[in-house]
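Peer 1: The chain contents come next:
2 protein chains.
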Amino acid sequence: MHKLALGIDIGGTNTTFGVVNDRGDSVFEHTTSTRSHDTPEQLVDFIYQTLSKYTLLDQLCGIGIGVPNGNFYTGNMEYAPNVHWQGIVPFRSIFAEKFQTTVILTNDANAAAMGELQFGAAVGMQHFVLITIGTGIGSGIVENGRIVYGHNGMAGEYGHLCVVPNGRLCACGRRGCLEAYASCTGMVRSVQELDSQHKKTSVLSTIEHPNSKDIVEAYKHNDTFATEIIDFTVHMLGNALADCLCFSDPQAFILFGGYARADIPLTDMLLYHMNKAALKVYQNKADILISPLHDKNAAVLGAATLVFN
Amino acid sequence: MHKLALGIDIGGTNTTFGVVNDRGDSVFEHTTSTRSHDTPEQLVDFIYQTLSKYTLLDQLCGIGIGVPNGNFYTGNMEYAPNVHWQGIVPFRSIFAEKFQTTVILTNDANAAAMGELQFGAAVGMQHFVLITIGTGIGSGIVENGRIVYGHNGMAGEYGHLCVVPNGRLCACGRRGCLEAYASCTGMVRSVQELDSQHKKTSVLSTIEHPNSKDIVEAYKHNDTFATEIIDFTVHMLGNALADCLCFSDPQAFILFGGYARADIPLTDMLLYHMNKAALKVYQNKADILISPLHDKNAAVLGAATLVFN
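Quick note, the sequences are listed as chains Z and Y, same order.
Numbering follows the numbering used here, with no gaps: position 75 of the first sequence is 75.
Numbering follows the numbering used here, with no gaps: position 208 of the second sequence is 208.
Source of the hints: derived by calculation from the structure; they are not laboratory data.
Do not take every clue at face value.
Label-pair restraints from in silico Cβ distances [to be verified]:
1) Z:Leu169 x Y:Tyr272: 20 to 26 Å
2) Y:Arg168 x Z:His209: 36 to 42 Å
3) Z:Leu169 x Y:Asp287: 28 to 34 Å
4) Y:Tyr272 x Z:Leu57: 50 to 56 Å
5) Y:Asp263 x Z:His84: 50 to 56 Å
6) Z:Asp263 x Y:Lys98: 54 to 60 Å
7) Y:Lys276 x Z:Gly145: 33 to 39 Å
8) Y:Gly145 x Z:Tyr54: 40 to 46 Å
9) Y:Gln283 x Z:Val164: 18 to 24 Å
10) Z:Thr101 x Y:Tyr272: 42 to 48 Å
Using N, Cα and C, we set each Cβ at its ideal position, and we do this for glycine too.
Can you make the complete structure from the sequences, with help from the hints?
Peer 2: As C-alpha cells, this is what we get:
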C-alpha cells in the first residue's frame, strides 16, 4: 500500500490539485479556475468537497502546496502579484483547519524543484537549480539535497536579478530584472523593444499580438527577426545563469515551462552563452537540462513530494 | 583542557598561522612571507619546524586552512591569481602527509565566515553572508548554519557577479564584475575612471598613486571628489547586495576588511542603497554588520574553527 498525499498548485489563473502516491503516480487530479472562488476559504472548501466525493480524504498523509510568493516558514502566500487575493493569505492554516492534517507550503518553483529531485531530472543530485519560465521567471535552489529557504523563507528569486541597470520596467516595479527579458512575457516585449532592420519584413509584424509561441514558430521557419529575438532572450538568460554559478555552483540548471518546452536547441545555446560569460572555475561544469516532467503535472507532483520528504 | 587547532591563512603576500583553542583564544601566532618559500612544500616545512620548536605539534587535534580559490572538496588551491604558485596546489594532502593529522581546506572567505559564526557577528545565526573587501571581493555563504559549497566546492564568488554589462575589465579577465568597482582596488580605479568636475580641485589629484586609505581620508575631510567616489563604490556594492538577497535571503551581510574597517557611515549608506534596490519582499529585512573580528585574526580563527566543527 503506497502512501498518498494531496499536492496543490495554486496559480493566478488555475488551481490544480491531485492525489499522488510516493512513487509519483497520480491517483486523482482536478483543475479549477482560481478566480471563480471569491475567497481563499471558498477554494479550500471546494477542494475538500471534491476529495470528499471521491472518498479520498481519509487516505491522505498530508498536503503540500505550491503558490507564487509562498513562504515556507510562515505558510503564507505573500503579495503575489498575479493572484486576485491581495496581501497575505495564510493558506497553510486555512488548509490545516479544514483538513486536520499536516500541511506544507512553499513557492511554486521550490515545489517543482522537489518534484525534479524525487521523480525528474535531478534524481540523485545534491546541488541544482530549477528555473521556471512563464509569465515570470521563478527558481528553486537545492543545496545538499535541501531547498534553500534563507532567513525569511523567500530565497531563490533569480528572476529578479538586475541584469541591465536602469533597463526594462519589471512587473515588480523595479528596472532591468532578468524576467523582464527572459520570461515568455519578456520575449514578447522584445518584438516591440528590440531594434532590428528585419522587423518590418518579419512574419511577426503581420500578427496583431504575437505571443511567445508565435515567436518560436517564426524562429523554426527561419524568420530573421524571430531568430534575433530568440538569440537575445537566450543570451540574457545564459549570462544570468553565469551569475547564478557564482552563488550556488550547481551541478545543473533544470528548465521548466514556457519556451523550455519548445523544440529548439535551447540547452546548446544556453550552454554556449553561460560558459562564455562564466568565471573560469565554473566553465564547462554545470549541465543545463530540460525537465522531463512537462507531461506530468510537475508542480502538483512536487507539492505532494513536500509531504513525503 | 581546551582542544587546540592550527589555523592557517595563506595569502598572496603573507601566510599567518596560529594555534587557537575552542574558545577562540590564540595560543600562538606567526606570520611569514608567502613568496619567501619557493615551493608549497617549503612553506609547509617551515610551519612544521616552527610549531616543533614550541612543542605544539602533539597537542593539535587538526589543521584548518583558508586559501584564495580553495576547494573544500578536493583540498586544493585552484588557479589563485595573486599567489606565486600557479595552477593546482594540493595543500590538504601536503599538510596531511607532513603533520599526520586531519586537514580541512576551504577558501579564505568561507574560513572567515566560520570565524564569524563561532566567535563573531554571526553567533547564533543560521543564514548569513560574509563579504571580504580587499584587493578583490570574496564571500562565504552560510545556509542553515553550514557553508554553501555547491557541487564543485566553489560556490560563493559574489565578487564576480556582473554588475555592469561590458563594464570595467576585471582581474579575472571578464568585464563588469562587482570587484572591479567595489573592492579597494576598484575604489582606487574610480579616481581615474569616474568623471567629475571636482576631480581637478580634489586633494587626490595631488597624490601620485592614491590608495583606498587616501580616498577614505579625503572623504573624512569633506573632499567632494572623494565623497563622489565613496558614494559610487557603496552604491555599486549596495545594488549588488540587493541581488544577493534574491539568492540567499540572509539574516545579515557581515563585512570584513578594506574600507569596512574605516570609520565611515558604511552600514547606513549600504542599507539605504540595498533596500532601495531590493525586491519588495526583501526590503528592510537583512542587517549589514561590520565584523567585530578585525583586531583578532579572523581568517586564522575561522580556519581553526573548521576543525572544531
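Peer 1: So, for every hint listed, does it hold in this structure?
Peer 2: Hints, verified against the model:
1. Z:Leu169 x Y:Tyr272: 20 to 26 Å: At roughly 22 Å between Cβ atoms, Y:Tyr272 and Z:Leu169 fall inside 20 to 26 Å, so the hint holds.
2. Y:Arg168 x Z:His209: 36 to 42 Å: holds (41 Å)
3. Z:Leu169 x Y:Asp287: 28 to 34 Å: Distance hint for Z:Leu169, Y:Asp287 holds at roughly 30 Å.
4. Y:Tyr272 x Z:Leu57: 50 to 56 Å: holds (52 Å)
5. Y:Asp263 x Z:His84: 50 to 56 Å: The hint (50 to 56 Å, Cβ to Cβ) holds, given that Y:Asp263 and Z:His84 are roughly 51 Å apart.
6. Z:Asp263 x Y:Lys98: 54 to 60 Å: The hint (54 to 60 Å, Cβ to Cβ) holds, given that Z:Asp263 and Y:Lys98 are roughly 57 Å apart.
7. Y:Lys276 x Z:Gly145: 33 to 39 Å: holds (36 Å)
8. Y:Gly145 x Z:Tyr54: 40 to 46 Å: holds (43 Å)
9. Y:Gln283 x Z:Val164: 18 to 24 Å: Since the Cβ atoms of Y:Gln283 and Z:Val164 sit about 21 Å apart, the hinted range of 18 to 24 Å holds.
10. Z:Thr101 x Y:Tyr272: 42 to 48 Å: holds (45 Å)
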